[in-house]
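As given, the protein sequences belong to chains A and B, one line each in that order.
Going by this note's numbering, the first residue of the first sequence is number -12, and it counts up by one from there.
Going by this note's numbering, the first residue of the second sequence is number -12, and it counts up by one from there.
Read the hints as simulated data drawn from the structure, not as lab findings.
Be careful, since some hints might not be right.
If several chains are the same, the list does not tell them apart, and a pair holds so long as it fits within one copy or across any two.
Straight-line alpha carbon distances no greater than 30 Å define the calculated DSSO-like cross-link-like pairs of lysine-lysine that follow [stated by the list, open to error]:
1) Lys18 x Lys52
2) Lys84 x Lys140
3) Lys(-3) x Lys140
4) Lys141 x Lys52
5) Lys140 x Lys52
6) Lys151 x Lys(-3)
7) Lys145 x Lys52
8) Lys18 x Lys145
9) Lys(-3) x Lys113
10) Lys84 x Lys113
11) Lys52 x Lys84
12) Lys26 x Lys84
13) Lys18 x Lys38
14) Lys84 x Lys145
15) Lys(-3) x Lys144
16) Lys84 x Lys151
17) Lys113 x Lys52
18) Lys113 x Lys(-10)
19) Lys26 x Lys141
20) Lys144 x Lys18
21) Lys151 x Lys26
22) Lys26 x Lys(-3)
2 protein chains.
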Amino acid sequence: MIKYCNNCGKPTIPMAPNGDDRLRDVCSVCKTIHYENPKVVVGCVPRWEDKVLLCRRAIEPRYGKWTLPAGFLEIGETVEEGAKREAYEEARARVIKLVPYTLYNLPFIGQIYIMFLAQLADTHFKAGHESLSVDLFTENEIPWENIAFGAVKKTLKKYFTDRKRGEFPFSMGDIQPS
Amino acid sequence: MIKYCNNCGKPTIPMAPNGDDRLRDVCSVCKTIHYENPKVVVGCVPRWEDKVLLCRRAIEPRYGKWTLPAGFLEIGETVEEGAKREAYEEARARVIKLVPYTLYNLPFIGQIYIMFLAQLADTHFKAGHESLSVDLFTENEIPWENIAFGAVKKTLKKYFTDRKRGEFPFSMGDIQPS
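Model the full assembly from the supplied sequences, consistent with the hints where possible.
If you want it as structure tokens, here you go:
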């Protein structure tokens, strides 16, 4: 919610602008319309032999839980650049050969996840400042009960299923509130 | 740019918060950090026999130019729901059988386009309030010199190329500033 105008600092009022059927926070003075839109989370499945790289989170939410490297897309970068940046920030990992893999909707929190399949360029990874630790896991070693986010868990499940068939099609799905 | 705090209305200062290497607009009083992130545009290629539906824009930018129905994803909806909503808003068109088709990055303006292939459920379409007119076009009839947006033109070009092969794989690309 935008309580005060970004442009002039005066209070906003929720109203539907002309030709719009949704309430927006509109400035009571300068009339600036403030749109709030979903955010994009980008990440990847970094693969090395029969293992994938996971990061143990050093930040909230889900401190101490495991995740694939992923984070909010920034203005000025492509989704692929964002996924590479996050792998480096969270795991000091260099990832290559990125292929679009999953898109998950989380409409209840206004997010979409876009995840790539990727290869680790080497095993010189280590925890970035948002991670407690970083490690490689086979399917049986994955801490399934301690995965931080639904979209990450679904992407991992899909990966190990696809791996058995040797086909990795792009797919889209929805995450329900947990 | 967020000149005034959304939360308290006081001026912001550009600074890199702890653990962040980017400048954010941070409130000088309540310290709220304001993140600005890319927006997602969702839309579709509505097909009917050998034609596709295009809308002639009744709004800026690109007033009078032709486009596929598309617009900003809203909080609370999935990308597929957003694409269906835009087809209805701009062309009063009901679209079915949506399949993810293209993702284009426009990093220079902080946008990504996610476009679906779709079928028109029927031909009872007409201009919504953001369109001057709506019509069906074969490949040869498309007004190629008057397409509103690069991501729309690329999606249309890809569609008519793929149509010749009978295969419609999902693909990703970048749009350069025009």
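So, going through the hints one by one against the coordinates:
{"no.": "1", "hint": "Lys18 x Lys52", "result": "between (44 Å within a copy, 28 Å between copies)"}
{"no.": "2", "hint": "Lys84 x Lys140", "result": "both (22 Å within a copy, 27 Å between copies)"}
{"no.": "3", "hint": "Lys(-3) x Lys140", "result": "neither (43 Å within a copy, 41 Å between copies)"}
{"no.": "4", "hint": "Lys141 x Lys52", "result": "within (15 Å within a copy, 41 Å between copies)"}
{"no.": "5", "hint": "Lys140 x Lys52", "result": "within (12 Å within a copy, 43 Å between copies)"}
{"no.": "6", "hint": "Lys151 x Lys(-3)", "result": "neither (58 Å within a copy, 56 Å between copies)"}
{"no.": "7", "hint": "Lys145 x Lys52", "result": "within (20 Å within a copy, 41 Å between copies)"}
{"no.": "8", "hint": "Lys18 x Lys145", "result": "neither (47 Å within a copy, 41 Å between copies)"}
{"no.": "9", "hint": "Lys(-3) x Lys113", "result": "neither (46 Å within a copy, 40 Å between copies)"}
{"no.": "10", "hint": "Lys84 x Lys113", "result": "within (20 Å within a copy, 44 Å between copies)"}
{"no.": "11", "hint": "Lys52 x Lys84", "result": "within (27 Å within a copy, 37 Å between copies)"}
{"no.": "12", "hint": "Lys26 x Lys84", "result": "both (25 Å within a copy, 25 Å between copies)"}
{"no.": "13", "hint": "Lys18 x Lys38", "result": "neither (54 Å within a copy, 42 Å between copies)"}
{"no.": "14", "hint": "Lys84 x Lys145", "result": "both (19 Å within a copy, 23 Å between copies)"}
{"no.": "15", "hint": "Lys(-3) x Lys144", "result": "neither (48 Å within a copy, 46 Å between copies)"}
{"no.": "16", "hint": "Lys84 x Lys151", "result": "both (20 Å within a copy, 28 Å between copies)"}
{"no.": "17", "hint": "Lys113 x Lys52", "result": "within (17 Å within a copy, 51 Å between copies)"}
{"no.": "18", "hint": "Lys113 x Lys(-10)", "result": "neither (41 Å within a copy, 38 Å between copies)"}
{"no.": "19", "hint": "Lys26 x Lys141", "result": "both (19 Å within a copy, 24 Å between copies)"}
{"no.": "20", "hint": "Lys144 x Lys18", "result": "neither (48 Å within a copy, 40 Å between copies)"}
{"no.": "21", "hint": "Lys151 x Lys26", "result": "neither (33 Å within a copy, 36 Å between copies)"}
{"no.": "22", "hint": "Lys26 x Lys(-3)", "result": "both (26 Å within a copy, 25 Å between copies)"}
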